[in-house]
Amino acid sequence: MTTSATLKFTHLSPQKMRLIADQIRGMSADRAVTLLSFSNKKGAKIVKKVLESAIANAENNDGADIDELKITSVEVNQGPTMKRLRPRARGRADRIIKRTSHLIVKVSENGEQ
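Just so you know, we're using our numbering here: the sequence shown kicks off at 11 and counts up by one.
Don't read these hints as lab results, they were simulated from the structure.
Cross-link-like lysine-lysine pairs, in silico, PhoX-like; alpha carbons within 20 Å at most: (1) K18 - K55; (2) K108 - K26; (3) K55 - K26; (4) K26 - K59; (5) K26 - K93; (6) K59 - K80; (7) K108 - K18; (8) K55 - K80; (9) K18 - K52; (10) K52 - K108; (11) K58 - K18; (12) K26 - K52; (13) K18 - K116; (14) K93 - K18; (15) K58 - K116; (16) K116 - K80; (17) K58 - K80; (18) K108 - K93; (19) K51 - K18; (20) K55 - K116; (21) K59 - K116; (22) K18 - K59; (23) K108 - K51; (24) K58 - K26; (25) K51 - K26.
Bear in mind that the values here come from a model prediction, so they are computed numbers and not experimental data.
Build out the structure end to end from the sequences listed, making use of the hints.
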């Protein structure tokens, strides 16, 4: 049984979030939580929280064994971008693009896809 957890509209660019997602894709769930807890990137804390939510969903909703869980997929998609202006010299302005991302983590027991 595949179980998922989703986080939307995170204030972190998808490019930075994908760096973390690529590290844990295909790992066992408990090893990924350990790896993420030692990372000092902002995205690692976010991905760890969503992964722990997916593990809790699998345990409570599907009755899965925590030790047998494996990460089957980690999707990072681009959310809406907020456009802001930064005032510059001589009455000009530069555009600031604040990117957001959506994160989907799916876990399943070892034998299943």
